[in-house]
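Trainee: Use the sequences and the hints to build the structure in full.
Top line first, the protein sequences correspond to chains E and P.
According to our numbering, the first sequence is numbered sequentially starting from 1.
According to our numbering, the second sequence is numbered sequentially starting from 1.
Just so you know, the hints here were simulated from the structure itself, not pulled from any lab data.
Just so it is clear, CB atoms sit at the ideal spot from N, CA and C, and this is done for glycine as well.
Mixed in with the good hints there might be a few duds.
Where chain E lies over chain P, by a calculated footprint (3+ residues, C-beta under 8 angstroms) [said to hold, decoys possible]:
no. : stretch
1   : 27 to 41
2   : 49 to 61
3   : 76 to 82
Within a straight-line C-alpha distance of at most 25 angstroms, the following computed DSS-like cross-link-like pairs (lysine-lysine) qualify [claimed, not checked]:
no. : chain 1 : residue 1 : chain 2 : residue 2
4   : P       : Lys101    : E       : Lys69
5   : E       : Lys22     : P       : Lys101
6   : P       : Lys57     : E       : Lys58
7   : P       : Lys57     : P       : Lys101
8   : P       : Lys101    : E       : Lys49
9   : E       : Lys49     : E       : Lys77
10  : P       : Lys101    : E       : Lys77
With beta-carbon atoms standing in for the labels, derived distance ranges [claimed, not checked]:
no. : chain 1 : residue 1 : chain 2 : residue 2 : range
11  : P       : Asp63     : E       : Pro18     : 46 to 52 angstroms
12  : P       : Ser7      : E       : Tyr39     : 15 to 21 angstroms
13  : E       : Gln106    : P       : Pro8      : 22 to 28 angstroms
14  : P       : Glu14     : E       : Asp54     : 51 to 57 angstroms
15  : E       : Pro18     : P       : Thr76     : 43 to 49 angstroms
16  : E       : Tyr39     : P       : Arg38     : 16 to 22 angstroms
17  : E       : Gln106    : P       : Ser7      : 23 to 29 angstroms
18  : P       : Ser53     : E       : Thr111    : 23 to 29 angstroms
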Amino acid sequence: AQSVAQPEDQVNVAEGNPLTVKCTYSVSGNPYLFWYVQYPNRGLQFLLKYITGDNLVKGSYGFEAEFNKSQTSFHLKKPSALVSDSALYFCAEAGGTSYGKLTFGQGTILTVHP
Amino acid sequence: GAGVSQSPSNKVTEKGKDVELRCDPISGHTALYWYRQRLGQGLEFLIYFQGNSAPDKSGLPSDRFSAERTGGSVSTLTIQRTQQEDSAVYLCASSRSSGAKAGYTFGSGTRLTVV
Chain E
1 AQSVAQPEDQ VNVAEGNPLT VKCTYSVSGN PYLFWYVQYP NRGLQFLLKY
51 ITGDNLVKGS YGFEAEFNKS QTSFHLKKPS ALVSDSALYF CAEAGGTSYG
101 KLTFGQGTIL TVHP
Chain P
1 GAGVSQSPSN KVTEKGKDVE LRCDPISGHT ALYWYRQRLG QGLEFLIYFQ
51 GNSAPDKSGL PSDRFSAERT GGSVSTLTIQ RTQQEDSAVY LCASSRSSGA
101 KAGYTFGSGT RLTVV
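Mentor: This is how it looks when you write it as structure tokens:
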């Protein structure tokens, strides 16, 4: 069965510092991995995805993520955090079914302090 | 339309009443998914549509929950005899085709509060 884990409920960083939001997954077969961001009272906004190809994926708003097969991880990173990056982040996986059912992690609240 | 539209955006209902939540996907998107997001939790899969059929409805939490899709477009999620534990944000997503490669577009959700 698919599963996605985000081990940190909250991440706090200072503006201008690098940020990392962690995600690990478990799926039989090839993983299809996603990161979404959710701002208060808004839907999910797509940041980036890994389907195949380069392990380093670049996405929206300067975010990137590295697919690590041996560690079954897909951590989200940004070299320099902005206060406006403060939001709820979800990692998700869709490789467990042929029709793309997403399995989500529990979410990580990112707070960037000025 | 340009995006996935969900209505109403907010719904407050009394315990025991029935509610209908609507999702209008992007035109031409054949796949449609419903998810539920409870406060402080991740998103739970509810049901998947391909066209008008629902090959996977395994996430519907009880027989009080049902969903349909007509004309390969609009979908309605119905909750009968609502309970307080049904309070959540219900999100809809559509995709050009089934599978992750096509990507997904999410609506802004319906926030359901059962009092």
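Trainee: Against each hint, give a clear statement of whether it holds in the structure.
Mentor: The hints, checked one at a time:
Check on the stretch 27 to 41 of chain P: 4 of its residues sit with their Cβ under 8 angstroms from a Cβ of chain E, so the three-residue criterion for coverage holds. Note: the stretch 49 to 61 of chain P has 3 residues with beta-carbon separation from chain E under 8 angstroms; the three-residue rule is met and the coverage holds. Interface restraint, the stretch 76 to 82 of chain P with chain E: violated (0 residues with C-beta to C-beta distance below 8 angstroms; minimum three). For the proposed pair P/Lys101 and E/Lys69, the alpha carbon gap of about 19 angstroms is at most 25 angstroms, so the pair holds.
With a C-alpha separation of about 23 angstroms, the suggested pairing of E/Lys22 with P/Lys101 holds against the 25 angstroms cut-off. Annotation: proposed proximity of P/Lys57 to E/Lys58 is violated, straight-line Cα distance about 34 angstroms (limit 25 angstroms). Our distance criterion of 25 angstroms between C-alpha atoms is met by P/Lys57 and P/Lys101, whose separation comes to about 22 angstroms. At roughly 9 angstroms between alpha-carbon atoms, P/Lys101 and E/Lys49 fall within 25 angstroms of each other, so this suggested pair holds.
Of the pairs offered as hints, the one joining E/Lys49 and E/Lys77 holds, with about 13 angstroms between alpha carbons and a cut-off of 25 angstroms not exceeded. Our distance criterion of 25 angstroms between C-alpha atoms is met by P/Lys101 and E/Lys77, whose separation comes to about 22 angstroms. Here the CB-CB span from P/Asp63 to E/Pro18 is close to 49 angstroms, well matched to the stated 46 to 52 angstroms. For the pair P/Ser7 and E/Tyr39, the beta carbons lie near 20 angstroms from each other, so the given range of 15 to 21 angstroms is met.
Hint check: E/Gln106 to P/Pro8, Cβ distance near 27 angstroms, so the stated range 22 to 28 angstroms holds. Distance hint for P/Glu14 and E/Asp54: a CB-CB separation of about 53 angstroms, consistent with the stated range 51 to 57 angstroms. In this structure, E/Pro18 and P/Thr76 meet the distance hint of 43 to 49 angstroms, their C-beta atoms being roughly 45 angstroms apart. Between E/Tyr39 and P/Arg38 the beta carbon distance is about 18 angstroms. The supplied range of 16 to 22 angstroms therefore holds.
Remark: the range hint 23 to 29 angstroms for E/Gln106 to P/Ser7 is upheld by a beta-carbon distance near 28 angstroms. The hinted range of 23 to 29 angstroms is not satisfied by P/Ser53 and E/Thr111, whose Cβ atoms lie roughly 43 angstroms apart.
Hint compliance for this structure: hints 3, 6, 18 are broken, all remaining hints hold.
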